[in-house]
Amino acid sequence: MQKVSYDAIGETLYTGTLSNGLTVYVIPKPGFCKKYAFFATNYGGADRRFLIDGQWRDTPAGIAHFLEHKLFDTETGNALADLAANGAQPNAFTSSELTAYYFECTEGFDENLKTLLSFVSVPYFTEESVQKEQGIIGQEIDMMEDTPDYAVYYNLLRGLYGAHPVRDMIGGTKESIAQITAQTLYDLHGAFYRPSNMVLCVAGDVNPERVLEIAGEILPDACDPVPEKDYGPVDQIPVVRAKTEVTMEVSKPLFLTGTRTPPGARGRACLHQELVGSLAVIYLVGESSPLYLELYNQGLITADFSTHYTCGRGHAFTAFGGESRNPDQVLEKLQAEIRATLMNGIDEDRFNRLKRGVYGTVIKGLDTMEGLCYDQTECHFFGTTALDRLSVLETVTSADMLAFIAENLQPEQFALSIVRPR
Amino acid sequence: MGAVTRREILPYVFLTHLETQKFKTGTVQINLLTQLTRETAAKNAILPRILLRGTARYPDLRALRQAMDDLYGANIEPTIRKKGEIQCVGFCASFVDDACLPEGEGILAQITALLGEILLDPSTQNGQFQADYVDQERENLLDEIRGRINNKGSYAVSRLVELMCDGEDFSTFRLGTEQEAADIDTETLTTHYKSLLSAAPVEIFYCGSATVDQLEQVLTAALKTLPRGEPDYAMGTQIRLNALEATPRYFTEELDVTQGKLSLGFRLGDCLDNPNWAAISLFHYLYGGSVNSKLFLNVRERLSLCYYASSILEKAKGLLLVASGVAFDKYEEAKSEILAQLRAIAEGEITDEELLWAKKALMTDLELTRDEPRQLEEFYLQQTILEVDYDLDDLIAMVEQVDVKEVMKIAQGVELDAVYFLKGEEEVS
Chain A
1 MQKVSYDAIG ETLYTGTLSN GLTVYVIPKP GFCKKYAFFA TNYGGADRRF
51 LIDGQWRDTP AGIAHFLEHK LFDTETGNAL ADLAANGAQP NAFTSSELTA
101 YYFECTEGFD ENLKTLLSFV SVPYFTEESV QKEQGIIGQE IDMMEDTPDY
151 AVYYNLLRGL YGAHPVRDMI GGTKESIAQI TAQTLYDLHG AFYRPSNMVL
201 CVAGDVNPER VLEIAGEILP DACDPVPEKD YGPVDQIPVV RAKTEVTMEV
251 SKPLFLTGTR TPPGARGRAC LHQELVGSLA VIYLVGESSP LYLELYNQGL
301 ITADFSTHYT CGRGHAFTAF GGESRNPDQV LEKLQAEIRA TLMNGIDEDR
351 FNRLKRGVYG TVIKGLDTME GLCYDQTECH FFGTTALDRL SVLETVTSAD
401 MLAFIAENLQ PEQFALSIVR PR
Chain B
1001 MGAVTRREIL PYVFLTHLET QKFKTGTVQI NLLTQLTRET AAKNAILPRI
1051 LLRGTARYPD LRALRQAMDD LYGANIEPTI RKKGEIQCVG FCASFVDDAC
1101 LPEGEGILAQ ITALLGEILL DPSTQNGQFQ ADYVDQEREN LLDEIRGRIN
1151 NKGSYAVSRL VELMCDGEDF STFRLGTEQE AADIDTETLT THYKSLLSAA
1201 PVEIFYCGSA TVDQLEQVLT AALKTLPRGE PDYAMGTQIR LNALEATPRY
1251 FTEELDVTQG KLSLGFRLGD CLDNPNWAAI SLFHYLYGGS VNSKLFLNVR
1301 ERLSLCYYAS SILEKAKGLL LVASGVAFDK YEEAKSEILA QLRAIAEGEI
1351 TDEELLWAKK ALMTDLELTR DEPRQLEEFY LQQTILEVDY DLDDLIAMVE
1401 QVDVKEVMKI AQGVELDAVY FLKGEEEVS
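Chains as they are written, first to last, in this note's numbering: chain A, 1 to 422; chain B, 1001 to 1429.
Hints in this document: simulated from the structure, not taken from any laboratory. Any given hint could turn out to be false.
In silico DSSO-like pairs for lysine-lysine, Cα to Cα no more than 30 Å straight-line [stated by the list, open to error]:
1. K1423/B to K132/A
2. K355/A to K3/A
3. K1152/B to K1409/B
4. K132/A to K1315/B
5. K1409/B to K132/A
6. K252/A to K1335/B
7. K174/A to K1152/B
8. K1022/B to K174/A
Keep in mind it's a predicted model, so treat the numbers as computed, not measured.
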């Protein structure tokens, strides 16, 4: 394996590639008891249309998530129970762009890693178990549809995207998952769970070479090409629907507002874009901004207010939200702040202070194996390395941030999603 | 990992210090300990939020947050917890460890100084808290107390505790009651703050690369104006070993929910006389505290009676609670099966495998505590409150030694005290 030391932050990254195309990363964490393995495919809830054997194929919403649930079934039982019985704490999740399976443990790491790699790469579905799961996931969908946080989030994405599948719930709907059969699951597993489309990332006090060796032993040898994906026509208008309001069981209005930006660039440029975007949103209305103070003092936002920049491969957006008695007014003030910033330029002191804060946040994040492995996996699919983030941060300038605001945060680009009490 | 040291650095101000090089994040947590009562809980809960609104030197949120940005994005957040009948309020600071900063750029002394300033030197007007800060944070606290109902699962457990422990301090919600919160005003709050500062024992936890002497030095400097009056020696938790009445009490409430929530409350009984926490924790893991527990495998997986079913151990109060989500018409069946699983443990229907799984899960969780500064803090605070002084290593070794008979004996002594069911609203025709 190739070893790269990041002396400035005291981290080391081992990288290896198997002949089947799988990339393996190991981040040693000496002194930690925990050993953590994260096995992910570059296939998530938004990957619904793709080219396979020369034909474009459309698949129902929710299928990646459904596949994640069913993959734990093995011919002899259930991989969750097997891992738990061996002292591991396993779990999985599906995001718009990837599906990940992981566990943490203190002992028996090699054996747990073998179980993880094996159940994810060897599918076992029956029509009966698929039907049973349709009931279970159906209930999960009911619960999610009743959850204000999901409603406010998806209504923002629907305001920003006209066609991109990211606007649909990752879990799908009861109707969409009713179309799933054991055969569709086998087809999709065959297409996207190829080692060449996957990453294994391990953190902890482990032997890197041994991790690579185990992956080579358990996973199939074939190196197959990965199907091309399609996300539909790119939106041309600044915003698809400027405002969406619904009513639900909440004690106070909940809102999320934001703008669409170009998807993440490839390579180090993606880290640059992500850092610039993240700095821009906290510059405008992060906790140390004048606007945050004003909104908080006027009782328009509470401590749960937060800002985000999500920089994905097929989609990217800024988001600002929390509880508020008057979400429209929060957005108006944010838009006014943006106009003023574009007119007056960036306050260099504030910009440098925020950069210093981000520097510390990145360092602190290195203690969390979950975050580190997820981050490195995302970065791999972008063609870059998470541990390069701090050296990229050094290159970010206030001019970059101003340009980001001018391109991506113009007042007319905002969509607003509100959930009001019944 | 290095050794843990505990010292009294000022009168009844205790420092628990864990020196380690393995984290890049340093952690300092300061807690004021006080009796949990209905009358004072809301006042205590609001204090950390008021204090984080501004200090004399950094009078508003923005100035304070800028100071934290300057300290490499240090984070200081309020913590409000309930451990038995003791309320712990204070702050948790997490920041880049000095070992990870360029030579001479160390920030530990500034972080502790800032914490001291936030605790002791608030932004005031005529010697009182800023009235508008109090007004705003009172509304925020009220929102949060009312928001308790938003999560029906935790609401059903919290209501069970309120009803089951009625008349005991433990029934008070972590953030206090709506009535007491609504009554908070600037003057009484300022007075309350001063008396709390002077009477509350203080527990400080540090985890990072600095030595205990360094910590003692920066902390005593940061807290030099901390008033120290007569400590509250009467503080503690009343533990009731047995159920209140001869038969369990039943409570049912209705809300607009699609899934029923069933909670059961048990008193741990005779095992509390001289508690073996390793065995009690293992019993909880075996019954409902882990993925391969009896409740999960039987009530949920095998019989599909519940959407979820797990147990919660309130060590400091000697309670075991069961939380579950059930279809309305499965209430009786689910309740019988939850109780049947407890009986099974009491009667020794425990396979070697089940015991091994529970031990492994518990020992793994304890081991993992070592990698999480926040959980280490929880562990040591818990030890202080339980008045036991063994370390993690000792506890792990004790778990390994637990015999199945000890677990059976604990289950035999457990008494069901109250059952709470949250069901959907009846259609009115």
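Each hint, compared with the structure:
1. K1423/B to K132/A: holds, 26 Å
2. K355/A to K3/A: holds, 29 Å
3. K1152/B to K1409/B: Since the Cα atoms of K1152/B and K1409/B sit roughly 34 Å apart, the hinted pair is violated (cutoff 30 Å).
4. K132/A to K1315/B: violated, 39 Å
5. K1409/B to K132/A: Violated, at roughly 39 Å.
6. K252/A to K1335/B: Measuring from Cα to Cα gives roughly 35 Å; hence the hint is violated.
7. K174/A to K1152/B: holds, 23 Å
8. K1022/B to K174/A: violated, 47 Å
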